[in-house]
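As they're listed, the protein sequences go chains R and S. Per our numbering, the first sequence starts with residue 1, numbered consecutively. Per our numbering, the second sequence starts with residue 1, numbered consecutively.
Do not take every clue at face value.
[Claimed, not checked] Taking lysine-lysine and the BS3-like style, the derived pairs with C-alpha atoms no more than 30 Å apart in a straight line are:
{"#": "1", "chain 1": "S", "residue 1": "K104", "chain 2": "R", "residue 2": "K42"}
{"#": "2", "chain 1": "S", "residue 1": "K85", "chain 2": "R", "residue 2": "K46"}
{"#": "3", "chain 1": "S", "residue 1": "K107", "chain 2": "R", "residue 2": "K46"}
{"#": "4", "chain 1": "S", "residue 1": "K85", "chain 2": "R", "residue 2": "K66"}
{"#": "5", "chain 1": "S", "residue 1": "K104", "chain 2": "R", "residue 2": "K136"}
{"#": "6", "chain 1": "R", "residue 1": "K42", "chain 2": "S", "residue 2": "K47"}
No wet-lab data here; the hints were simulated from the structure.
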Amino acid sequence: MNYLLRGIGVVAAVGVISLLAFSLPSPSGEARGDGGSETLPKLTHKNWQQECASCHIAYAPAFLPKASWRRVMGGLDQHFGENASLDPVTQADILRFLEANAADAGTSRMGNRVMQGMDAKSAPLRITETRWFVRKHDEVSRAVWSRKAVGSAANCAACHRQAEQGVFDEDTVRIPK
Amino acid sequence: MIKRLFRSSLAMLGMASTVAWAADNPASLMAHYAATAGVPVSGLSAKRGEMLYRTEHPGRNGQPVSCAACHTANPTQPGRTRVNKLIEPLAPAANPQRFTDAAKVEKWFRRNCTDVLQRECSAQEKGDFIAWLSQTK
Chain R
1 MNYLLRGIGV
11 VAAVGVISLL
21 AFSLPSPSGE
31 ARGDGGSETL
41 PKLTHKNWQQ
51 ECASCHIAYA
61 PAFLPKASWR
71 RVMGGLDQHF
81 GENASLDPVT
91 QADILRFLEA
101 NAADAGTSRM
111 GNRVMQGMDA
121 KSAPLRITET
131 RWFVRKHDEV
141 SRAVWSRKAV
151 GSAANCAACH
161 RQAEQGVFDE
171 DTVRIPK
Chain S
1 MIKRLFRSSL
11 AMLGMASTVA
21 WAADNPASLM
31 AHYAATAGVP
41 VSGLSAKRGE
51 MLYRTEHPGR
61 NGQPVSCAAC
71 HTANPTQPGR
81 TRVNKLIEPL
91 APAANPQRFT
101 DAAKVEKWFR
111 RNCTDVLQRE
121 CSAQEKGDFI
131 AWLSQTK
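Next up, chain S with everything else stripped away, as it sits in the complex (with noise of 0.2 Å):
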């Protein structure tokens, strides 16, 4: 019985946390972040999502800063953390696990638009960014 009832609670604690995981997808993200913004999915821009990414902005040491500083210029490879870390590519073409997360993608923008652009990414431009790095290749 015991044994049953673990069996049972395992496979339903499995589904759910397949569920949590394979929820998202880049296609779903924007359609959420575009929703959030008022706008239809084709009102996203790769090219606006582009210039997001690249553009440097002064950071709070006065340094210039921009996601490609890290992420570099080319989000197919791998970037460095301040510390030297390895940063997995960015673009779901070189690594599938990219924006399957919407948790996880949330953290991130709230932790990275703060330090690039001392404020947090509206919904519009966090659909951008994804619509370009889901068409990076």
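Isolated chain R, as found in the complex (with noise of 0.2 Å):
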């Protein structure tokens, strides 16, 4: 009878204590043994948020280099194929921004992570074209990215349910079929 009460409470104590270890974020946010990268800094910046947000989802500055921001504002009258020209001084006003919170800006988590692996002098225009966003999207076939609900990779939010929030958390992917 004693052991038996004993061995209940054992039983309940393990059972407590694996359920808070399971449940507590950890203080260090890596629970999720990615590093706790999956979330952006929260950033506002009225013209970044109102200009590049009009055709796209304002694509985080952390997701590419200085070198790669200078080349994508400079050639904003072709912009993959479309004219997205600005005024002088609103286009030096989101450079300057994308500038301040790029990839190697150092000011971001996600910002290091793209820049692991990145060749110092590469500065790619496309974010899909960054060996961190391939090798985070090895597992999605072709097939899904042509899915009339996806459309296109450059649509982050169509599995990424809170891209415009700059949350990656794998647990808020959701893709469409």
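Now that you have both chains on their own, put them together as the hints suggest.
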């Protein structure tokens, strides 16, 4: 009887402890084994949000290095096949913001991740061309990218349902049928 | 004192921005484009505007493009950008924010005319375009 009670007590204690261990967020935020680098710092910048987000989501500056942003902002009149030109003042203002928060600005862990394995001299125009992006999406088949609800790899929010809030956690991914 | 200065400058900023945002509407823009084209407002044609909207042109990559390709055949309906982002309806009847900011209107004419027509639109074309959209229900 005594042993039985003690046994129940042990099982209960182990259960409670393991429940706690798995449900509490770890203080370092590294519970997902990915360095907690799946969420972007909250950034606000009127022109970036207004202008860049009129055709696609306002891609976070941390997704590309400064040299890339200079190329992107220097060629807005031929922006991936479309004319996205801006007045010079707005253009310079957005570029300043992008450079200050770029992948190599050292202001975000996501940026550090993007820079890992990137050639110091490379300045890709597309986020989807970075090694980081390719590695992160290597399990997504070509057929998924061309689904109508996705349309393009540029459409982050098709699967990353909280992309517009800067959240790219695996938990928030739902691939549309 | 500083507080008062701050308040009055805030008020002035508020006034300035109200003026900047509320100054334009479809009718004032039509008047502006008609004047630039050297025609009376009655010289703008909704019919030509509709044609401009619907006509397909060879795009940069050979694919046919038109305004309707992204804004859909019915401009009171939302459209989609090439990367699938929602475009609010273009017709003021469905979206009263349209054609209320001259700088924004100019920005999009400049971009989209070059994409669809491979050239900028004339003042007459811009006026025709707004004439059609502002009567589209």
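Between S/K104 and R/K136, is the straight-line Cα distance small enough, at 30 Å or below? Violated, because 37 Å separates the two Cα atoms, which is more than 30 Å.
### Query
Does the alpha-carbon distance linking R/K42 and S/K47 stay inside the 30 Å limit?
47 Å, violated
Check: Do the alpha carbons of S/K107 and R/K46 lie within 30 Å of each other, as the hint requires?
Finding: Roughly 17 Å between the alpha carbons, so the hint for S/K107 and R/K46 holds.
Restraint status (C-alpha distance of S/K104 to R/K42 at most 30 Å) | Answer holds: S/K104 to R/K42 is near 27 Å, not above 30 Å.
- [ ] Would you mind confirming whether the straight-line C-alpha gap from S/K85 to R/K46 stays at or under 30 Å?
- [x] Answer holds: S/K85 to R/K46 is near 19 Å, not above 30 Å.
**Asked** Does the alpha-carbon distance linking S/K85 and R/K66 stay inside the 30 Å limit?
**Response** Roughly 26 Å separates the two Cα atoms, so the pair holds.
In summary, the structure is inconsistent with hints 5 and 6 from the numbered list given earlier, while agreeing with the others.
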